[in-house]
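There are 2 protein chains.
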Amino acid sequence: MTFATDIEIARAATKKPIQQIGEALGIPAEHLLPYGHDKAKVSQDFIDGLEGRENGKLILVTAINPTPAGEGKTTTTVGLGDGLNRIGKKAAICIREASLGPNFGMKGGAAGGGRAQVVPMEDMNLHFTGDFHAITSAHNLLSAMIDNHIYWGNELGIDERRVVWRRVMDMNDRALRDIVTSLGGVANGYPRQTGFDITVASEVMAILCLAADLDDLQRRLGDMIVAYRRDKSPVFARDIKADGAMTVLLKDAMQPNLVQTLENNPAFVHGGPFANIAHGCNSVIATKTALKLADYVVTEAGFGADLGAEKFMNIKCRKAGLAPDVVVLVATVRAMKMNGGVAKADLGAENVAAVEAGCPNLGRHIGNLKSFGVPVVVAINHFVTDTDAEVEAVRDFVAAQGAEAILCRHWEKGGEGIEALATRVAEIADSGVSQFAPLYPDDMPLLEKIETVAREVYHADAVVADKTVRDQLAAWEEAGYGSLPVCMAKTQYSFSTDPGQRGAPTGFDVPIREVRLSAGAGFVVAICGQIMTMPGLPRRPSAEAIRLNDAGDVEGLF
Amino acid sequence: MTFATDIEIARAATKKPIQQIGEALGIPAEHLLPYGHDKAKVSQDFIDGLEGRENGKLILVTAINPTPAGEGKTTTTVGLGDGLNRIGKKAAICIREASLGPNFGMKGGAAGGGRAQVVPMEDMNLHFTGDFHAITSAHNLLSAMIDNHIYWGNELGIDERRVVWRRVMDMNDRALRDIVTSLGGVANGYPRQTGFDITVASEVMAILCLAADLDDLQRRLGDMIVAYRRDKSPVFARDIKADGAMTVLLKDAMQPNLVQTLENNPAFVHGGPFANIAHGCNSVIATKTALKLADYVVTEAGFGADLGAEKFMNIKCRKAGLAPDVVVLVATVRAMKMNGGVAKADLGAENVAAVEAGCPNLGRHIGNLKSFGVPVVVAINHFVTDTDAEVEAVRDFVAAQGAEAILCRHWEKGGEGIEALATRVAEIADSGVSQFAPLYPDDMPLLEKIETVAREVYHADAVVADKTVRDQLAAWEEAGYGSLPVCMAKTQYSFSTDPGQRGAPTGFDVPIREVRLSAGAGFVVAICGQIMTMPGLPRRPSAEAIRLNDAGDVEGLF
Numbered sequence: 004m005t006f007a008t009d010i011e012i013a014r015a016a017t018k019k020p021i022q023q024i025g026e027a028l029g030i031p032a033e034h035l036l037p038y039g040h041d042k043a044k045v046s047q048d049f050i051d052g053l054e055g056r057e058n059g060k061l062i063l064v065t066a067i068n069p070t071p072a073g074e075g076k077t078t079t080t081v082g083l084g085d086g087l088n089r090i091g092k093k094a095a096i097c098i099r100e101a102s103l104g105p106n107f108g109m110k111g112g113a114a115g116g117g118r119a120q121v122v123p124m125e126d127m128n129l130h131f132t133g134d135f136h137a138i139t140s141a142h143n144l145l146s147a148m149i150d151n152h153i154y155w156g157n158e159l160g161i162d163e164r165r166v167v168w169r170r171v172m173d174m175n176d177r178a179l180r181d182i183v184t185s186l187g188g189v190a191n192g193y194p195r196q197t198g199f200d201i202t203v204a205s206e207v208m209a210i211l212c213l214a215a216d217l218d219d220l221q222r223r224l225g226d227m228i229v230a231y232r233r234d235k236s237p238v239f240a241r242d243i244k245a246d247g248a249m250t251v252l253l254k255d256a257m258q259p260n261l262v263q264t265l266e267n268n269p270a271f272v273h274g275g276p277f278a279n280i281a282h283g284c285n286s287v288i289a290t291k292t293a294l295k296l297a298d299y300v301v302t303e304a305g306f307g308a309d310l311g312a313e314k315f316m317n318i319k320c321r322k323a324g325l326a327p328d329v330v331v332l333v334a335t336v337r338a339m340k341m342n343g344g345v346a347k348a349d350l351g352a353e354n355v356a357a358v359e360a361g362c363p364n365l366g367r368h369i370g371n372l373k374s375f376g377v378p379v380v381v382a383i384n385h386f387v388t389d390t391d392a393e394v395e396a397v398r399d400f401v402a403a404q405g406a407e408a409i410l411c412r413h414w415e416k417g418g419e420g421i422e423a424l425a426t427r428v429a430e431i432a433d434s435g436v437s438q439f440a441p442l443y444p445d446d447m448p449l450l451e452k453i454e455t456v457a458r459e460v461y462h463a464d465a466v467v468a469d470k471t472v473r474d475q476l477a478a479w480e481e482a483g484y485g486s487l488p489v490c491m492a493k494t495q496y497s498f499s500t501d502p503g504q505r506g507a508p509t510g511f512d513v514p515i516r517e518v519r520l521s522a523g524a525g526f527v528v529a530i531c532g533q534i535m536t537m538p539g540l541p542r543r544p545s546a547e548a549i550r551l552n553d554a555g556d557v558e559g560l561f
Numbered sequence: 004m005t006f007a008t009d010i011e012i013a014r015a016a017t018k019k020p021i022q023q024i025g026e027a028l029g030i031p032a033e034h035l036l037p038y039g040h041d042k043a044k045v046s047q048d049f050i051d052g053l054e055g056r057e058n059g060k061l062i063l064v065t066a067i068n069p070t071p072a073g074e075g076k077t078t079t080t081v082g083l084g085d086g087l088n089r090i091g092k093k094a095a096i097c098i099r100e101a102s103l104g105p106n107f108g109m110k111g112g113a114a115g116g117g118r119a120q121v122v123p124m125e126d127m128n129l130h131f132t133g134d135f136h137a138i139t140s141a142h143n144l145l146s147a148m149i150d151n152h153i154y155w156g157n158e159l160g161i162d163e164r165r166v167v168w169r170r171v172m173d174m175n176d177r178a179l180r181d182i183v184t185s186l187g188g189v190a191n192g193y194p195r196q197t198g199f200d201i202t203v204a205s206e207v208m209a210i211l212c213l214a215a216d217l218d219d220l221q222r223r224l225g226d227m228i229v230a231y232r233r234d235k236s237p238v239f240a241r242d243i244k245a246d247g248a249m250t251v252l253l254k255d256a257m258q259p260n261l262v263q264t265l266e267n268n269p270a271f272v273h274g275g276p277f278a279n280i281a282h283g284c285n286s287v288i289a290t291k292t293a294l295k296l297a298d299y300v301v302t303e304a305g306f307g308a309d310l311g312a313e314k315f316m317n318i319k320c321r322k323a324g325l326a327p328d329v330v331v332l333v334a335t336v337r338a339m340k341m342n343g344g345v346a347k348a349d350l351g352a353e354n355v356a357a358v359e360a361g362c363p364n365l366g367r368h369i370g371n372l373k374s375f376g377v378p379v380v381v382a383i384n385h386f387v388t389d390t391d392a393e394v395e396a397v398r399d400f401v402a403a404q405g406a407e408a409i410l411c412r413h414w415e416k417g418g419e420g421i422e423a424l425a426t427r428v429a430e431i432a433d434s435g436v437s438q439f440a441p442l443y444p445d446d447m448p449l450l451e452k453i454e455t456v457a458r459e460v461y462h463a464d465a466v467v468a469d470k471t472v473r474d475q476l477a478a479w480e481e482a483g484y485g486s487l488p489v490c491m492a493k494t495q496y497s498f499s500t501d502p503g504q505r506g507a508p509t510g511f512d513v514p515i516r517e518v519r520l521s522a523g524a525g526f527v528v529a530i531c532g533q534i535m536t537m538p539g540l541p542r543r544p545s546a547e548a549i550r551l552n553d554a555g556d557v558e559g560l561f
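Sequence lines, in order, name chains S and V. Residues in the first sequence are numbered from 4 upward in steps of one, following my numbering. Residues in the second sequence are numbered from 4 upward in steps of one, following my numbering.
Certain hints may be false.
Chain copies aren't distinguished; within one or between two, either way the pair holds.
To be verified - Think about it this way: if two alpha-carbon atoms lie no more than 27 Å apart in a straight line, the pair counts; the simulated DSSO-like pairs of lysine-lysine are:
1. Lys470 to Lys235
2. Lys110 to Lys244
3. Lys110 to Lys254
4. Lys416 to Lys93
5. Lys373 to Lys322
6. Lys19 to Lys416
These are calculated hints, taken from the structure and not from any lab test. Bear in mind that the values here come from a model prediction, so they are computed numbers and not experimental data.
Work the whole structure out from these sequences, hints included.
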């Protein structure tokens, strides 16, 4: 049995004009700002007019801790959207945009896979509608204005040693991680050490994804801390007078992008913050717009449920007033086997014992998600090598946890292969059983919030934080930031901070190396490990093989 | 008498859907890739299908040396296009795209002025269709791949001290002019000194504007020299294997952008290379496409005729096989007065003697342009303060040079105000009198080419170049680059290299400080002064006042 590759399937897709996709959602053509014939932004004016409409049901797709076997979270998100439409529901999906830079390092970047993909795939992995370029420009305008302010006399009294605002580029460029700028004499300014992060790590990205509208965007941009004075008082982007111009640069980027699935169902693809130092979800404005236009909105969160779903609940939903009606937890037989100790090369052989040994990872995520008051359904994303006995083992395990697991064949069959899950998810969403509540209240002290996540989600024994970290958290509480949620930057591969610890580890502590304040985005980042904010390219970057073929198609990107 | 501001006029414009603009040129809607409702790219497929069609007439608009009084070269280009359409001709204009960065330093960036503008003005001064972002990405991908190549073992034997490829950003950021990268230890690479230029200074920009098609683009990108080995042999972008991926990043940017004038006539706005270290013209592909679709194409070249028109003729036309049918030389009474020694503050008062004293600058440009074998018409771009006697003085001077000067009121009246010029220009273009030839043959030695331009265009006594420069030119001739044209990087404010020398100076030398090889773009740059390739922001950058107003319009950008 052979299967077409993702890119072959995507290229064979019969796309509808984007106006037809919009029309099915009730968006008039004049309110769709097209980018080519298959992409569009939904106008802010139209979105403003949606206020007061009923919201559809919100379905979150999350996953077990990622393994090299692949879980297919985005594939399941796309498939479930198609499945819901197939059973007669009006459904839309909401996912994140891809970062351009990493695509030139490693192949990848497909939006879904198999028969469950979003198109146009090439554009989505290149410049798309320019949102990330706009974020790069806005971020770097602020950087230039800070150095320019110092250059012309430093009226604000910025401590040149404590400029915390770096620059960004949507490129994997390790040479820019740590640099000295303003060499060459007085005309170029005062030399200082700084660096570049990749664009998705920009606080501007997180803000764009959390802002309710352009006014809120500008307010949050102004709230960003860019430097400190000698007396340790913060200097804000607003003090640099950059917030207005940054908002102008971001006005188009704030409008959500509409594309389509292979089955011509609507897909909002908007924003893409890191899921470690930021919250890892598509934009609030896309999710809210979709909820006004569709009866069911399927969205996803980054990494596994311990990071992505936790932040979706505790940051995005809390701040945006959203509440998921049901959560779909994606698992695969292969990933269970890897959690059960099988090496990637041996995944092809049936191994029910290994599946059973790996299931506790799944079980802990089920329990965690239930603690948010939301109903959970497990989607077993079927691989061709899965045996019936292995699938049964997962089903039995999940049933023993008081939940339900449904086998899905959307990768192979598209929406048709996921009708059972779609039907069940719609039933649960419609039932109104969800009693969503974030895990901790706003007024809990910051360190206790970190401890709550570590204890209740990671199942850690304790949080270890030295005096510097504790003092810093206390200082931020003093300064009025105590009501912010926390954003955990931890490895995605384990519940613990050790990426090698698969399954459901216990008996570990969570060390907090450092804390950072994202005052504009509105969260405190707790860093529990080495977090890389500017990737490098591998020895043989995929860029070396990327080219246009004679037909004008992109080769080597996927 | 009060006049509306440029932005007020632009906002009051009644734009047609871009599909209607395209339709008038014979471009079917499926071959227009829209960006919103008022911008579009013309598809490469459609352009490929135009081969074999007759070309329209090519009209170059150039100007005297720029003065702070303003000459209105773009305004005249736009007005002349409207004027030609108004007298029943099928005409299109071709101009350059604006760079985003400088708009956040000084106000400005309008595309034309008064009743002769291209819209949508805001978009054109912000992200437009993303071309410059694509160029930035392609340029910086190559930068990252070079450092990555060295990081992983430097198989190509690059001399780390002789990496000549820098990075770019479309931002005025002086702090990035001179930097040290790869600090922080072995994981970040080997520290070296480098810097950023502004995106319009990228050789990729020059290449995009000179490439015939995507194949030619990739070939030229591969030809770029990025570094040298210890034996001084060049390392090309092709050796780094970056040319294919860069072409993929530029595939959309290569398609020309279509917008419209206030009078709903077609305007191609595409590319924007520096007019000093590069050739300063819009893309060849835009000009050639326009020539297939319109009977008259009005285009412009950067700075004054000594730089812009010279490069248009000797670089763009030579390489693209284009030949202007007539040249319009823009002058104003005010600029003549400034050339005649009047300070800007005193320009309001009638001063016929000063006009006459300044006219030799105009006269020299007329003579120079004629030496290319092209007919010249002078457009006097009317200002409200001009007196009849002053205008007559210009007219008389031009007549004495064997040319004709026509008063134009397009700023005030749009196409209606420039009908006389349009009529005369069409007559001359149709007459076939142009006998265009570049100023020097391909096989002239490089130094002699520089001397030819200095002598025949600048009217300099001699070119001064030390042994290093002469040896370098000889080495490039040896290496096979001897047939390239030269690209002069000189002040735009004077025929000489002293920006204070207005009028028609004589008795000066042209010192060549440095020469650079743009092997992909295909020219040798001769640097005759301080050339800034990364601007800085002023003490009070316009960004501080840029914001969205309550109506959602951009304030402070213009």
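Hint-by-hint comparison with the structure:
Taking CA atoms no more than 27 Å apart as the test, Lys470 paired with Lys235 passes inside one copy only; the shortest distance there is 18 Å, against 56 Å between copies. Only between protomers do Lys110 and Lys244 lie at most 27 Å apart by alpha-carbon distance; the minimum there is 16 Å, versus 40 Å within a single protomer. In this assembly of identical chains, the alpha carbons of Lys110 and Lys254 lie at most 27 Å apart only when taken from different copies (19 Å versus 31 Å within one copy). Within a single copy, Lys416 and Lys93 get their C-alpha atoms as close as 20 Å, which meets the 27 Å cut-off; across copies the closest is 53 Å, which misses it.
Only within a single protomer do Lys373 and Lys322 lie at most 27 Å apart by alpha-carbon distance; the minimum there is 20 Å, versus 69 Å between protomers. In this assembly of identical chains, Lys19 and Lys416 lie within 27 Å of each other by CA distance solely inside one copy; the values are 20 Å within and 44 Å between copies.
Of the numbered hints stated above, none is contradicted by the structure.
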